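Novice: Please work from the sequences and hints to get the whole structure.
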Amino acid sequence: MKRLKVMKALLAVCLVLGSLFLLQQLVMPKYVRGIVEGSLVASYYEETTPHDVIFIGDCEVYECFSPVTLWNEHGITSFIRGSAQQLIWQSYYLLEDTLATEKPAVVIFNVLALKYDEPQKEAYNRLTLDGMRLSRTKLEAIRASMMPDEKLIDYLVPLFRYHARWSELTWDDVRYLFGKKPLFHNGYYMRVDVRPVTTVPEGKKLPDYSFGDNAMAYLDKMTALCKENDIELMLIKAPSVYPYWYPEWEEQVEDYASEHGLVYLNFLEHQDETGIDYSTDTYDTGLHMNLSGAEKLSRYLGPILRDTYVLPDRRDDPELSEVWAPKTAFYEQMKADQLAELEQFGYLKSLGARPPDQP
Amino acid sequence: MLFTSYSFIAFILVLFVIYYLVPRRFQWMLLLLASYLFYFLASPEYLIYISLTTVSTFLAAFRIGRLADAHQSHLAAHKSSLTRDERKAGKEALKQRQRRLLVACMLLNFGLLAVMKYTNFALANVNGLLQAFGSERQLAFLNIALPMGISFYTFQSMGYLLDVYRGKTSAQKNVFRLALFVSFFPQLVQGPISRYDELAQTLYGPHKPDWTHISYGLQRILWGFFKKLVIADRILVAVNTIIRTPEEYQGVFVLVGMLFYTLQLYADFTGGIDITIGIAEVLGIRVQENFNAPFLARNITDYWRRWHISMGTWFRDYLFYPLSVSRPMLNLSRSARRKLGESLGKRVPVYLCTLIVWFATGIWHGSSWNFIVWGLLNGVVIMVSQACEPLYTRFHQRFQVKERLAYRAFEIVRTTLLMSAIRLFDCYRDVPLTFRMFGTMFTTPNYGQLFHGQAMQLGLSGADYLVLAAGVAIIVASGIRRKPGSMRERLEPLPAAWRYAAMYLLLIAILLFGAYGVGYDASQFIYNQF
Amino acid sequence: MDELIGILEGLHPDVDFRQTAGLIDDGVLDSFDIISLVAEIDNIFDVQIPAAEIVPENFNSAQALQDLIERLSDD
Chain B
1 MKRLKVMKAL LAVCLVLGSL FLLQQLVMPK YVRGIVEGSL VASYYEETTP HDVIFIGDCE
61 VYECFSPVTL WNEHGITSFI RGSAQQLIWQ SYYLLEDTLA TEKPAVVIFN VLALKYDEPQ
121 KEAYNRLTLD GMRLSRTKLE AIRASMMPDE KLIDYLVPLF RYHARWSELT WDDVRYLFGK
181 KPLFHNGYYM RVDVRPVTTV PEGKKLPDYS FGDNAMAYLD KMTALCKEND IELMLIKAPS
241 VYPYWYPEWE EQVEDYASEH GLVYLNFLEH QDETGIDYST DTYDTGLHMN LSGAEKLSRY
301 LGPILRDTYV LPDRRDDPEL SEVWAPKTAF YEQMKADQLA ELEQFGYLKS LGARPPDQP
Chain P
1 MLFTSYSFIA FILVLFVIYY LVPRRFQWML LLLASYLFYF LASPEYLIYI SLTTVSTFLA
61 AFRIGRLADA HQSHLAAHKS SLTRDERKAG KEALKQRQRR LLVACMLLNF GLLAVMKYTN
121 FALANVNGLL QAFGSERQLA FLNIALPMGI SFYTFQSMGY LLDVYRGKTS AQKNVFRLAL
181 FVSFFPQLVQ GPISRYDELA QTLYGPHKPD WTHISYGLQR ILWGFFKKLV IADRILVAVN
241 TIIRTPEEYQ GVFVLVGMLF YTLQLYADFT GGIDITIGIA EVLGIRVQEN FNAPFLARNI
301 TDYWRRWHIS MGTWFRDYLF YPLSVSRPML NLSRSARRKL GESLGKRVPV YLCTLIVWFA
361 TGIWHGSSWN FIVWGLLNGV VIMVSQACEP LYTRFHQRFQ VKERLAYRAF EIVRTTLLMS
421 AIRLFDCYRD VPLTFRMFGT MFTTPNYGQL FHGQAMQLGL SGADYLVLAA GVAIIVASGI
481 RRKPGSMRER LEPLPAAWRY AAMYLLLIAI LLFGAYGVGY DASQFIYNQF
Chain E
1 MDELIGILEG LHPDVDFRQT AGLIDDGVLD SFDIISLVAE IDNIFDVQIP AAEIVPENFN
61 SAQALQDLIE RLSDD
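Residue numbers (the working numbering), protein chains in the order written: chain B, 1 to 359; chain P, 1 to 530; chain E, 1 to 75.
I should point out that these hints are in silico values taken from the structure, not numbers from a laboratory. It is possible that part of the hints are untrue.
[As the list claims (entries may be wrong)] Just the calculated beta-carbon pair ranges, DEER-fashion: (1) Ala93(P) / Ile44(E): 25 to 31 Å; (2) Asn125(P) / Gly34(B): 55 to 61 Å; (3) Asp30(E) / Arg338(P): 53 to 59 Å; (4) Ser73(E) / Asn331(P): 16 to 22 Å.
In this text, all values refer to a predicted model and were calculated from it rather than measured experimentally. Glycine is no exception: its CB is placed at the ideal position from the N, C-alpha and C atoms.
Specialist: Shown next, in the form of C-alpha cells:
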C-alpha cells in the first residue's frame, strides 16, 4: 500500500516535470525563420567527425567563410562556432566547449569582438548561450556574459525567460518541438543576395582606443588554452567596411600577435589578393559577406592554412568524403533554393531580408 | 527580497525543508534566524531599529507584567485585612506605575516611527510654508531610509504592549520569542498586523509535518502568486501609463485607470497576504485572515470590515475606542449634548474621533497629503452615511428592496466605485492633480475613444487583456460564495486527483502567463541585425 | 436593566434587546453605537467603561452589558 503511494507520487512528479519540459520546449525560440542565427551554436553537436580548423567569433566568421569551399578545394575540414555579436569570453568558452570533444589543429579567432569589454545585450547573450550544451563551461560562459539584471536560473530554466512567448507561438514552434530543421552546415550562414556598399563610413572619434582589460584577459586565456593543447591560434579581421576598424586597434592586435608569435591576417588589407568586390560580395552594404564573398575569402584562406600549418588534404579519406558529400549537396540545394526565392520575390523573405527598394 | 523574486522562493523552499528536519523545539529559533536573515539581506542597519523596538517592548511589557503579578500576590496575601478604599488605592497606584512604563515605551517606538517616516514630509511642508511667506531659506532633508516593515512591526509590538497593559495577555518572558513575534518574516513587509495572543498560539510550535497543512499552504502560496504575477503585475503597465501621463490620459482613461488600479491593488495586496498566510500554514502557523471578499461589501463601513482587517481592528481597538471613551471625550459628549441638543450633541465626539482615526490611518499609509486626504475622505464618507442612517431606515421601511439581488448588486457596485474613486489619491502625484483628473471623468467626453483602439496603447496587448479577463473571472468565481468557506474547502469534496489537477493548472498558468522575468518585456527580444 | 434597554432601544428601535444575543457578532451594534453606548452609560450610570473592556463578550447582549456595568461600579 505504502509502496503504491510512493509510486503514484513519483509518477505524478515525473508527469509534472515532463509536461513542464514540454512547455519549455514549446516556448523556446526555434530560430527557423528570420533570426536563424540563433540555431548556429547548437548545430555543432550534430557533427560526427573532427575538424582541422575551428573558427570562433561573431558574424564576421559565420558569414565570411565557407567550410564546403575549404573542403572541396583544399580538403580542409572546418567548423565555424560563430554567433551573433559573440563576445570574446563567449568565444573563449565556446572554444573550451569544443575542446571537450575534439582537438583541432588550428583555431581562428576574429578580433572585432575585442572592442567590447563588458556584456552588451541580453538578447545577443541568448543567441550564443542558449544553444550551448549544459556543462561547467556553459555555466562559466553565462556568468561571464550576464547583464546586471540577468539571472543564472533564467538560462538553466529557459521557461522562465521565454514564457511570455505563449502569445506569439506559431506552427513552427510545434513542428520543431524537438528536431530542428537543418539550416546550416558547419556553422556557415549562407546568403546569396546582394546589396552593394554605397558609402564607406568614417570612424567616429573615440575617447579611448585601447582594448579593455577584461577583453584582453580573455585573449590571453585563449592564447594560453591553445598553447596548452598544442593548437595553433590564428587571428583574423574580416573585410567588413562597417563596424569601422580603427588603425589604433589594428596596431594593438599586430603588437599582440607578434609578441605571442601568432599569425594575424587582416582581410581589409588584402582586397587585391582576395578579389573582394564590395559591389557584388556583400548582402547588406558591407557589414557581412554573401556567398560570393565567402567563397572568395575561403579560396584565399585555404592555401594559407595549408602552407602555414601544414594541413593535409583529406579528400582521399573515404569516411570523411562520405560525411562531406551530403554537406556539399545541402550547400548546393540551399544555394539553389535561395536563388529561386530571390527570383520569385526579389529578396530573401524567409531570412528576414527587406525588399530591395526598402533601405 | 521581493515575494516574487527567485531568491525569495528559494529562501522559503530551503526553510521549509530545514524546518521539518531540525528538532521540533528548535523550530521557532530557526524561524527567528530566518526572519533576521531576511531582514539582514534587505539592509543590515535595519536590524538596529527592529532590535530596539523588540527590546524596549519586551522590557516594558515584562515590567508591566511583573508589577501586575506583584499586585496580585499582595492582594492574595492580605485579602482579609485590606479595606475597599485601600484596594482601590493600591490598584490606582499599580495602574499609574504601569502607565508610566507604557507611555515611555510608546513614546520611544511611535517616536522612532514618526522620525523615520515623517521627518522629511514635515520638512517639505515647512519648506512650502517658508516659500509661501517669501523666505529664501529652505531646510535640508534628512537622508534616512525607512526601515522595511517599520509601520507594521511597530503597530504589532505596540498592540502587544497594550494587551499586556490591559491584562488581556501575559507578558512574554523570553526576549527571543518576542523577537520572533515582532520580526516573523512572512508578515514583516505588508502585514497582517497580528495580535500576540492569536499568533503566539501556533508561532512557537512544536510542529509535526502535517500534509494537510503543507498542501493547503502550498496551494495558498500558488494562489497568491497567481494573483500577483498574472494579474497585478500585468495590469500595472496600463495603470502606470495612465497615471504617469495625466496630460494625455483623461476622461474615460481616468475611469479605466481607477478600475484597473483597484484590480491591481486587490490582486497585489490580497495575493501578497495569501503568500504570507500560505507560508505560515506550511510552517504549521496560523496567521489571521486580512480580507473577507472586500468587493462584496454593501457599504463603506462593511468594506472596512472586509479590507485589511487587521489594520482596521488595530485602529479600532487601540485608537478609536480608547480615544472615544477617554475622559475628555466623555466630557465633550456631555457638554455638546447640553449645548446642541441630544441627537446632534452625541454625534460630536463620535465624528471627531472618526476624523482623528482616519487622519491617523491615512498618514500611517504614507507620509504625503495624498494619503491624509484619502484617509479623511474615508472618514467623511463614513460619517455622512452614518448621518443618513435614519433616511436609509425610512427608505427601507417604505420599499422592501433590501434583500433583493438587484439592490444588493447596486450596493456592491456603488461601494466599489466609491472606494475606487477615493483610491485615486494613491495614484496621482498630488492632491490637486487627483481632484482635477477625477473631474475630467465628467468633463471630457472621450468615452468613444476607448473602443477605437486606444485601449491597445496602454501597454497591454490583446493577449494581455484576454489573460486579465480570464484571471478576473477565476478570482470572481473563487470569491463569490453563498455560504462562508473558502475556495479550497469547496474543492475538498472533489476527488484528490481533481484538486491536484486544479493546482497543476494554476502552476502552469503562473509559469506561462505570469508577468515576470526578463522575457516579460517582449520588446526586449527584438534582434537588430549587426 | 430597563434603563439600559431604554438606551439600547434609543439606538435601534427595531431590535428586541431583551431577546437578542450576539449583538456584536451579528453586527447589530457597530463601533458608532458602542461609543454612543459608553457615553450614555457614563452619563446615566456614572460608570466609565475603559477601552480594554470593549470586547465582544461584554457587548453581545443586554445582560452581558448589565453585568459589565455592575462589575465596574463594584470596583
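Novice: For the hint 16 to 22 Å, verify it against the beta carbon of Ser73(E) and that of Asn331(P).
Specialist: With a Cβ separation near 19 Å, Ser73(E) and Asn331(P) satisfy 16 to 22 Å, so the hint holds.
Novice: At the C-beta level, are Ala93(P) and Ile44(E) separated by a distance inside 25 to 31 Å?
Specialist: holds, 30 Å
Novice: Regarding Asn125(P) and Gly34(B), is the given constraint of 55 to 61 Å on their beta-carbon distance met?
Specialist: holds, 57 Å
Novice: At the C-beta level, are Asp30(E) and Arg338(P) separated by a distance inside 53 to 59 Å?
Specialist: For Asp30(E) and Arg338(P) the Cβ distance comes to about 26 Å; the hint is violated.
Hint 3 alone, counting from the list given before, is not met by this structure.
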